[in-house]
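Participant: What follows is the residue order along each chain.
There are 4 protein chains.
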Amino acid sequence: MKFKISSKLQYKINDFSTIILNIYAAKTKSQTIITEALDIDPHMEAEELDNIENDNRSIRINTKAVESLIIKYEAEVDSYSQLIDKSELKFIPVSQLSIEVIPFLYQSRYCQSDKLLRYAQNKFGHINHAYDQVYEICNWIRNNVAYTSGSTDSETSAIDTITEREGVCRDFAHLGIALCRALTIPARYLSCYAYKLEPPDFHACFEAYLGGKWIVFDPTELAPLNGLVKIGTGRDATDISVANIFGNTSLNSMEVINEVQDKNFYPLFMKDLKDRGVAL
Amino acid sequence: MKFKISSKLQYKINDFSTIILNIYAAKTKSQTIITEALDIDPHMEAEELDNIENDNRSIRINTKAVESLIIKYEAEVDSYSQLIDKSELKFIPVSQLSIEVIPFLYQSRYCQSDKLLRYAQNKFGHINHAYDQVYEICNWIRNNVAYTSGSTDSETSAIDTITEREGVCRDFAHLGIALCRALTIPARYLSCYAYKLEPPDFHACFEAYLGGKWIVFDPTELAPLNGLVKIGTGRDATDISVANIFGNTSLNSMEVINEVQDKNFYPLFMKDLKDRGVAL
Amino acid sequence: MKFKISSKLQYKINDFSTIILNIYAAKTKSQTIITEALDIDPHMEAEELDNIENDNRSIRINTKAVESLIIKYEAEVDSYSQLIDKSELKFIPVSQLSIEVIPFLYQSRYCQSDKLLRYAQNKFGHINHAYDQVYEICNWIRNNVAYTSGSTDSETSAIDTITEREGVCRDFAHLGIALCRALTIPARYLSCYAYKLEPPDFHACFEAYLGGKWIVFDPTELAPLNGLVKIGTGRDATDISVANIFGNTSLNSMEVINEVQDKNFYPLFMKDLKDRGVAL
Amino acid sequence: MKFKISSKLQYKINDFSTIILNIYAAKTKSQTIITEALDIDPHMEAEELDNIENDNRSIRINTKAVESLIIKYEAEVDSYSQLIDKSELKFIPVSQLSIEVIPFLYQSRYCQSDKLLRYAQNKFGHINHAYDQVYEICNWIRNNVAYTSGSTDSETSAIDTITEREGVCRDFAHLGIALCRALTIPARYLSCYAYKLEPPDFHACFEAYLGGKWIVFDPTELAPLNGLVKIGTGRDATDISVANIFGNTSLNSMEVINEVQDKNFYPLFMKDLKDRGVAL
Chain A
59 MKFKISSKLQ YKINDFSTII LNIYAAKTKS QTIITEALDI DPHMEAEELD
109 NIENDNRSIR INTKAVESLI IKYEAEVDSY SQLIDKSELK FIPVSQLSIE
159 VIPFLYQSRY CQSDKLLRYA QNKFGHINHA YDQVYEICNW IRNNVAYTSG
209 STDSETSAID TITEREGVCR DFAHLGIALC RALTIPARYL SCYAYKLEPP
259 DFHACFEAYL GGKWIVFDPT ELAPLNGLVK IGTGRDATDI SVANIFGNTS
309 LNSMEVINEV QDKNFYPLFM KDLKDRGVAL
Chain B
59 MKFKISSKLQ YKINDFSTII LNIYAAKTKS QTIITEALDI DPHMEAEELD
109 NIENDNRSIR INTKAVESLI IKYEAEVDSY SQLIDKSELK FIPVSQLSIE
159 VIPFLYQSRY CQSDKLLRYA QNKFGHINHA YDQVYEICNW IRNNVAYTSG
209 STDSETSAID TITEREGVCR DFAHLGIALC RALTIPARYL SCYAYKLEPP
259 DFHACFEAYL GGKWIVFDPT ELAPLNGLVK IGTGRDATDI SVANIFGNTS
309 LNSMEVINEV QDKNFYPLFM KDLKDRGVAL
Chain C
59 MKFKISSKLQ YKINDFSTII LNIYAAKTKS QTIITEALDI DPHMEAEELD
109 NIENDNRSIR INTKAVESLI IKYEAEVDSY SQLIDKSELK FIPVSQLSIE
159 VIPFLYQSRY CQSDKLLRYA QNKFGHINHA YDQVYEICNW IRNNVAYTSG
209 STDSETSAID TITEREGVCR DFAHLGIALC RALTIPARYL SCYAYKLEPP
259 DFHACFEAYL GGKWIVFDPT ELAPLNGLVK IGTGRDATDI SVANIFGNTS
309 LNSMEVINEV QDKNFYPLFM KDLKDRGVAL
Chain D
59 MKFKISSKLQ YKINDFSTII LNIYAAKTKS QTIITEALDI DPHMEAEELD
109 NIENDNRSIR INTKAVESLI IKYEAEVDSY SQLIDKSELK FIPVSQLSIE
159 VIPFLYQSRY CQSDKLLRYA QNKFGHINHA YDQVYEICNW IRNNVAYTSG
209 STDSETSAID TITEREGVCR DFAHLGIALC RALTIPARYL SCYAYKLEPP
259 DFHACFEAYL GGKWIVFDPT ELAPLNGLVK IGTGRDATDI SVANIFGNTS
309 LNSMEVINEV QDKNFYPLFM KDLKDRGVAL
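Protein sequence lines, in the order shown, are assigned to chains A, B, C and D. Per our numbering, residue 59 is the first one in the first sequence, and the count goes up by one each step. Per our numbering, residue 59 is the first one in the second sequence, and the count goes up by one each step. Per our numbering, residue 59 is the first one in the third sequence, and the count goes up by one each step. Per our numbering, residue 59 is the first one in the fourth sequence, and the count goes up by one each step.
Some clues are possibly wrong.
Pairwise CB distance ranges (calculated) [claimed, not checked]: (1) P151(C) to E94(B): 26 to 32 Å; (2) D108(D) to L141(A): 30 to 36 Å; (3) H184(D) to Q179(C): 22 to 28 Å.
Listing some non-contacts, in silico: residues in chain C with all C-beta distances to chain B over 12 Å [stated by the list, open to error]: (4) K60; (5) D99; (6) N180; (7) R200; (8) R293; (9) V318.
Simulated from the structure, these hints should not be mistaken for laboratory data. Because the structure is a prediction, the values reported are computed rather than measured. Don't be surprised by glycine CBs; every beta carbon is placed ideally from N, CA and C.
Sequences and hints are given; from them, build the entire structure.
Facilitator: Rendered as structure tokens:
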């Protein structure tokens with residue numbers, strides 16, 4: 059499936075700053091970059107920092123003070139998500155997990171799974187199949203947490219969201235991850251370009267490790283899972299936030315686009331995925 | 059109904075200290091002290107600090123350093139709890155609450171109701187009758203929070219308990235209070251001597267303001283509500299903790315007893331109170 | 059000293075709501091109301107809820123849905139603050155505090171003094187005189203916490219402020235209170251009309267109980283202490299917040315004025331008060 | 059320098075469990091394992107999980123229920139710590155950090171550096187040299203946080219420690235890491251066998267990335283830095299905790315030993331390291 063994605067960020071830079079951006083589409087077995095271009099106006103050097111461990115392609119920009127710094131990224135991406143039958147998406151006990159996956163069982167800054175062991179067990183422990191557990195976690199989040207733009211900030215964690223019951227895609231993902239880990243299901247944060255997201259923005263979902271594969275889930279139900287173009291993954295938003303800013307800057311505007319180029323695209327939402335999972 | 063209550067606290071006092079105890083039975087319209095005695099060994103002056111506002115009778119003891127300070131309180135109490143039909147225990151809107159009751163609508167140190175507005179509304183907002191709401195809050199706490207001795211400490215709050223799902227009577231009461239307040243039902247903490255509590259200890263429940271009366275609820279279901287001898291009430295455990303210590307001391311042992319003196323005592327537990335409430 | 063104060067609040071009321079306002083000047087021994095008027099447009103009933111315990115005069119307004127509800131309060135107030143020499147403002151040990159004052163030693167929703175015992179002792183425990191301790195607490199807050207409008211919200215507590223080091227007058231007051239209580243000095247929140255506050259707004263300070271009197275302190279150093287017209291006091295902002303809203307409403311605008319009517323007013327700021335305290 | 063280290067853990071296993079231990083000495087350029095042996099009684103399979111990214115050598119043991127499971131590890135290790143002059147331990151701006159180091163700038167579960175930016179800047183921002191900054195952070199922690207065995211638990215984070223001012227080596231390390239990251243100095247958690255630690259236990263320190271090297275710091279001042287035998291490193295204790303338990307087990311006892319085999323060992327404590335750092 060071909061996607062055309064782009065993002066445009068405009069900053070005011072008040073002082074010499076370093077910006078680390080996670081806006082490039084990932085290069086993976088199932089996602090190929092056909093063309094891509096980064097344009098920075100006024101021109102600044104940009105350095106790509108590839109993380110071999112997790113396919114993330116960060117961009118580091120060092121910039122002097124400037125009234126307006128516009129960073130524009132455009133790419134054509136060929137991305138094939140895989141549909142996998144639920145029967146193959148079994149729970150893998152920690153006794154069989156590889157060392158690369160084990161860290162995704164542990165608590166992190168925004169996903170304090172260590173505080174939710176009983177909560178997760180009480181609510182989802184009785185469900186037999188691991189895929190159903192994660193699927194139900196997503197349903198439960200969507201039914202119990204209000205999606206409210208601007209209701210949270212960069213300090214908001216899964217514990218805040220599970221009590222205050224309000225948040226955005228980032229918070230939904232953090233809570234999903236924390237609940238999975240509390241059930242001993244490895245889970246990680248996914249940053250992506252989502253097809254037809256309204257209003258347009260970068261999107262966050264999460265992946266759970268089931269049957270030896272990372273299966274994507276979107277507790278917001280806002281975007282089709284087979285329309286996600288992957289930017290990268292991490293333990294939580296810490297690892298793959300859109301922008302890490304070191305210096306005195308302010309974001310003035312942001313535009314994000316994801317357009318499917320193929321006519322025969324049939325969008326699959328969470329509600330279509332009761333019996334099979336999507337792997338990006 | 060006649061009760062014989064007693065408590066015995068043994069402290070090691072390392073330095074001059076002031077201890078404020080809440081161990082005296084309250085004097086109220088429905089609770090009369092027949093006899094009572096306080097014995098302090100070695101002898102120290104004890105001063106009764108009566109709080110006219112809420113019937114609490116604190117005891118202040120100033121003590122020098124001593125290997126063993128034993129404080130023993132014994133009382134015979136005549137206490138009549140009132141049974142009130144659910145139909146009378148209606149929700150009173152804040153537009154009609156008196157100024158004395160309004161503070162019990164507000165968040166406090168251990169009952170951060172301001173963070174649980176959506177939580178309470180989602181879970182209990184659909185229930186029609188206010189008495190049923192509070193009753194269901196208690197059922198829900200008992201079914202979802204594990205009662206585990208020693209699992210929490212004096213910093214544990216309702217937010218901790220609602221996420222970590224473990225606690226003791228104090229934590230159960232704090233969570234009940236926080237959820238009531240989040241539904242605009244005034245609620246306060248109740249410290250008491252409970253009949254046949256196992257293991258024997260001071261007990262904590264809470265009262266909700268329904269139909270113009272303070273109705274008692276025990277989310278732990280550990281003690282009969284008509285067997286509670288009231289010590290006092292407050293916004294949360296802050297106001298009516300068993301002991302507030304100012305100085306370097308350690309508690310070595312504690313004994314608490316509550317014995318009913320009447321033969322025809324018929325214990326009423328939460329499960330017996332679906333359709334009527336108990337006012338102390 | 060004569061003051062002319064006024065406040066004007068404009069709300070949009072989306073649904074039947076109850077609003078409890080704390081905007082009336084308090085009536086105390088040292089503060090007399092010469093004239094006062096409340097105007098509500100369109101007209102709604104307003105009920106005064108007097109709290110005999112602490113002089114607070116809350117106003118309760120029940121209102122139906124209305125595009126614009128304007129509440130205007132104006133008063134002429136005669137207020138005499140008292141200057142007291144530091145030598146009289148001694149620490150009063152808990153062994154001698156009256157039962158009315160003791161609750162102000164305890165932790166509250168926004169002032170978790172129980173978590174700051176070592177912090178306060180390390181930083182201010184070595185200072186000999188209790189007045190100097192509180193004075194230094196104020197200096198330390200002003201030097202270490204950035205005053206940034208809009209940086210905090212109604213959930214922000216003293217623990218947040220002491221770590222994140224940013225806040226407004228309410229947060230400064232909460233932190234001051236928490237540190238005092240951690241040193242066994244009773245402290246309470248003060249809401250007031252402040253003379254020449256820039257930008258104009260309701261102001262929050264705190265009072266510490268020294269030498270048997272409530273002495274006012276302003277860690278923000280933004281207003282003269284002898285220019286404060288008292289609205290009321292409480293354990294923290296919970297008890298005396300400008301507005302407690304029960305219902306679906308939004309505040310559109312707010313105006314607050316405090317003008318001194320006497321020509322010979324000589325403003326006294328914290329920096330002028332090293333050796334004497336102000337009691338309102 | 060030759061060290062003989064050993065650890066012995068005794069568990070009661072109530073049910074089939076997986077235990078992931080971090081007790082093996084790391085194999086690094088400067089640390090060689092001469093001999094090592096793991097003994098499990100009764101015999102269970104143990105699998106070594108090597109993390110190429112950070113030298114950590116986790117051990118995974120799957121065990122059935124058993125009254126007593128004794129895990130004993132013994133090793134002879136040749137470990138050469140390097141002394142580096144302060145002049146070489148310069149601050150490296152984020153513009154020059156490699157992608158492997160950048161994650162250690164970010165907040166983590168127990169090191170919420172995002173909440174301490176102003177705190178760190180106010181207290182340590184004025185210090186010129188990065189090594190001095192970290193050195194002063196350690197001094198400040200030791201002088202302001204009480205080392206109290208048993209005062210904290212596995213949920214305690216840097217924010218708790220910086221307010222409550224009490225903790226153990228793990229908490230000291232977390233706070234040091236958080237403050238470094240808040241100053242844009244990469245920092246990571248170090249688990250180790252410490253020479254002559256009293257009482258004997260596993261030890262935790264932290265490393266800051268200065269001058270292109272990971273330099274070790276011990277805010278507890280409890281052990282010589284050149285006597286540390288490295289187990290592994292991570293973002294915080296999450297990554298390199300002594301034991302991650304999946305299942306129903308309890309630890310009954312633990313013994314930890316670190317003996318230097320060379321006679322000419324000259325212990326270097328933090329106080330000896332004002333002008334030079336130690337790299338393990």
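Participant: Now tell me if each hint is right for this structure.
Facilitator: We went through each hint and held it up to the structure:
| no. | hint | result |
| --- | --- | --- |
| 1 | P151(C) to E94(B): 26 to 32 Å | holds (28 Å) |
| 2 | D108(D) to L141(A): 30 to 36 Å | holds (35 Å) |
| 3 | H184(D) to Q179(C): 22 to 28 Å | holds (26 Å) |
| 4 | K60 | holds (29 Å) |
| 5 | D99 | holds (20 Å) |
| 6 | N180 | holds (17 Å) |
| 7 | R200 | holds (26 Å) |
| 8 | R293 | violated (8 Å) |
| 9 | V318 | holds (31 Å) |
Hint compliance for this structure: hint 8 alone is broken.
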